[in-house]
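There are 4 protein chains.
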Amino acid sequence: MAVESSLDVQLIAASQFAVPPGVDWVPDAGATDAEAIVEFAGRACYETFDRPNPHTATNKAYLHHIIDVGHDALLEHATATVYIRGLSRAAGNELLRHRNFSFSQLSQRFVHEGSSEVVLPALIAEDEELRRIFLRAADETRFIYDELLRALEENLAGEPNSLLRRKKARQAARAVLPNATETRFVVTGNYRAWRQFIAARASEHADVEIRSLAVTCLELLRDNAPTLFDDFLISELSDGTKMATSPYVS
Amino acid sequence: MAVESSLDVQLIAASQFAVPPGVDWVPDAGATDAEAIVEFAGRACYETFDRPNPHTATNKAYLHHIIDVGHDALLEHATATVYIRGLSRAAGNELLRHRNFSFSQLSQRFVHEGSSEVVLPALIAEDEELRRIFLRAADETRFIYDELLRALEENLAGEPNSLLRRKKARQAARAVLPNATETRFVVTGNYRAWRQFIAARASEHADVEIRSLAVTCLELLRDNAPTLFDDFLISELSDGTKMATSPYVS
Amino acid sequence: MAVESSLDVQLIAASQFAVPPGVDWVPDAGATDAEAIVEFAGRACYETFDRPNPHTATNKAYLHHIIDVGHDALLEHATATVYIRGLSRAAGNELLRHRNFSFSQLSQRFVHEGSSEVVLPALIAEDEELRRIFLRAADETRFIYDELLRALEENLAGEPNSLLRRKKARQAARAVLPNATETRFVVTGNYRAWRQFIAARASEHADVEIRSLAVTCLELLRDNAPTLFDDFLISELSDGTKMATSPYVS
Amino acid sequence: MAVESSLDVQLIAASQFAVPPGVDWVPDAGATDAEAIVEFAGRACYETFDRPNPHTATNKAYLHHIIDVGHDALLEHATATVYIRGLSRAAGNELLRHRNFSFSQLSQRFVHEGSSEVVLPALIAEDEELRRIFLRAADETRFIYDELLRALEENLAGEPNSLLRRKKARQAARAVLPNATETRFVVTGNYRAWRQFIAARASEHADVEIRSLAVTCLELLRDNAPTLFDDFLISELSDGTKMATSPYVS
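Line by line, the protein sequences give chains A, B, C and D. Under my numbering, the first sequence has 1281 at position 241, and the numbering climbs by one with no breaks. Under my numbering, the second sequence has 1222 at position 182, and the numbering climbs by one with no breaks. Under my numbering, the third sequence has 1275 at position 235, and the numbering climbs by one with no breaks. Under my numbering, the fourth sequence has 1241 at position 201, and the numbering climbs by one with no breaks.
Worth flagging that the hints you see were computed from the coordinates, not collected in a lab. It should be emphasised that the depicted structure is a prediction, and the values quoted were computed from it without experimental measurement. Honestly, I wouldn't trust all of these hints.
Treat identical chains as interchangeable: a pair holds within one or across any two.
In silico SDA-like links for lysine to any residue, alpha-carbon gap of 25 Å or less [as the list claims (entries may be wrong)]:
1. K1100 <-> W1065
2. K1207 <-> P1067
3. K1282 <-> R1205
4. K1100 <-> Q1211
5. K1207 <-> A1162
6. K1207 <-> T1256
7. K1100 <-> M1041
8. K1207 <-> G1126
Make a model of the complete structure from these sequences and hints.
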């Protein structure tokens, strides 16, 4: 039976910072590690560890200035890694377009035994009839997948390596699996890349599923580096979905 | 009715070269533009336009030396663009992992009307029974796609913008389309990126469909820059498919 | 004697385009190859080779639309390579920050025999007295370079490989050479990268030498793809130097 | 007076890891955070959190396998940031070629007042006579720099903005500063990029200063992720300098 999977994003790694010996500077008590790294890198460019400009003496003011003048390169020094589950292969294909990220994706050579995990588009999930049609189609596709897998393994009986036989059979049989099939990702990016992703995909014009991913990442990363994202405003569209925009991105 | 689509790759753009004024050097008559650019860039690093080393005086010898010593950065100065049709969405997802390429991909907001174009895995295409099962499944999926599309457009009747209504409906309905659905790409890469792609995907261990793409690209680009690929040897595996390897890649 | 070198930029390679078989589309007669490639890639995403939208039927209108809506990824399919001479090492260091470019740089293991080629900052070149001071300093530095080189080669007399001996001596002696030392580059980039470079470095706030390089590249590439740059306006600052800006870049 | 500066590299940030809820896996007690992230990402690709293969059940064995089969993409999920002081501008120019890194560099608009910090090549530093010649040259250059700066500021007296006047003067005057001038960098990279950098620059054929930087980074990062670097062997060359190589890099 087809099992519905829903989006789940967890922060699993992020940069931890320590001031090096020989630098007479202590980050603001309230600054997170990511925020302190970005300020450190900025001050290293001009040796302004003594905070000569009172207007940018606090971490918050310094980072706002960086975003304001567009010195985004400084944001590359802090990174965050998330683990994404419950994403459709279709949205995964869009996510892969963001080449500044590093990706590890669940292989389709691995498939859940006995059931298919699928991610339903919201417009289908919320209509009882369409949901029924969709899940039945997923079940049938899964049935055909199993049938193809069995037949292909038989056809490949001449292949003595059982691991290779199974791999070849799966590679062919997966052709029938739908776009809705669940995929999973480990995604690592620096904060400049995360801002670019959110700017591009949390916008009103993005596909609804990847938009939901982008807004979720924004909420998650905002905990880790509030000041690096406080220019983004999350709002609700007329269809109840969320979007986010910032005056600093186009 | 499901229509079978098969791989088609065409070279649509490549670098054209001209020696700049003030450089006293003429490329070998036999060198292609891509080959001449790479030699030019190499000679520019050491001002050796007078070919002081007789062992690398010809274009062929010069390029072989570059590949031998691993100065691959020089290969980045010549680029080639291909147009790929008849690739499955599954293989397209693998292709997107090659972040050094530039991609434009056929949107799934565009779908052929009235028929579904699918790319059959070789192991399925060559078995009469499995082919029949697969094409029937593709037809049924397409039928459900059309059904979902119609119902979704009805549900979205409140959306006054007909373009947006259709886009939203398609974005949701495409969730049912299979991995085998045909996709198309414009892919641009420099010759270093092309060599990396071919090294990774023409190998015996790669998935059979993307391996076929990699070998096809090798054959195509070899016409455009023979010396930059003549270390690759194309051979046939026991299952009749092709692979390629070079002693210069791992 | 120190020899003054001045900026010289030549286009040495660019993408040449051909419509692939099976695509029923002919680019506008007036479109350059670079312009046609970008339009082709855009139309390939939505299979709009039949130009369904009259507002974007011409190449010019299509490209303006792309730049307007920010589909810059399409600009990655056309590339251009330039050969830069007469750039200072200081400006070269700034150029290297543009990581989307591919670079081959004149090695400092190669040094002009008997004379030093230097790039004078405009503010120094235009003041007779400062120019004299600067050139005399360059001559002295060159004298010390030669002295160090000779002494180092003597110290390395135990090294039997004369090539390696000379290389080691040059690597150490070059430490005394000034920022003004001339360097040369082969630079390859796609049109998206070129636009980003020009946007960042042709701006009023950029260093005067790299600004001059950026404006020169703009003038050169504009010949090769007028429509991809016609949003940039070149103007003159009060000090007589040029700058360029576009409403489409920040 | 010219002040000698010597290489100093400090680790200032690195990825910290936490297993996400819902994943039944605990990393080996001995694994560092970087090592655990890489294993996590690998196991996420095949859902092998239950360690089905006894040969790769330990973190050490798993990472060795990854390096052995070349799944270097997994190494992109852990990052490390270093702060580099005491590097010459010449070596800095070479460092910038590693485009997979993120850089923030000390601006030459900032210059130590009253003294010039220079990085002496080892071959010069270890010869009393050459050292004297070199430091005297650095002093003279610094004297001319100050002279140019003063004259330029006078020439720019018409510029009402004193900050801009000083910036313009410094940009021109710095043309006389030598390659040996000290620069500083904040450099962030993932472990794949760090391995590539070390492989390229810790090799016998690299320039002695950047080789020293590469070996220092290897020693530093090895503390943070021993298993990701234990294929590298550090050895001493006949001239007393260090180099490092691994059988897994070419």
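Going through the hints against the structure:
1. Taking the shortest Cα distances, K1100 and W1065 sit within 25 Å of each other inside one copy (16 Å), while across copies they are farther apart (38 Å).
2. Proximity of K1207 and P1067 under a CA criterion of 25 Å is satisfied in neither setting, with 52 Å inside one chain copy and 28 Å between copies.
3. In this assembly of identical chains, the alpha carbons of K1282 and R1205 lie at most 25 Å apart only when taken from different copies (18 Å versus 45 Å within one copy).
4. In this homomeric assembly, K1100 and Q1211 never come within 25 Å of each other (Cα to Cα): the closest approach is 51 Å inside a single copy and 30 Å across copies.
5. Taking CA atoms no more than 25 Å apart as the test, K1207 paired with A1162 passes between copies only; the shortest distance there is 14 Å, against 33 Å inside one copy.
6. In the homo-oligomer, the alpha carbons of K1207 and T1256 lie at most 25 Å apart only across protomers (23 Å), although the nearest pairing inside one protomer, at 34 Å, exceeds that limit.
7. Within a single copy, K1100 and M1041 get their C-alpha atoms no closer than 51 Å, and across copies no closer than 39 Å, so neither meets the 25 Å cut-off.
8. In this assembly of identical chains, K1207 and G1126 lie within 25 Å of each other by CA distance both inside one copy and across copies; the values are 24 Å within and 23 Å between.
This entry does not satisfy hints 2, 4, 7, going by the numbered hints stated previously.
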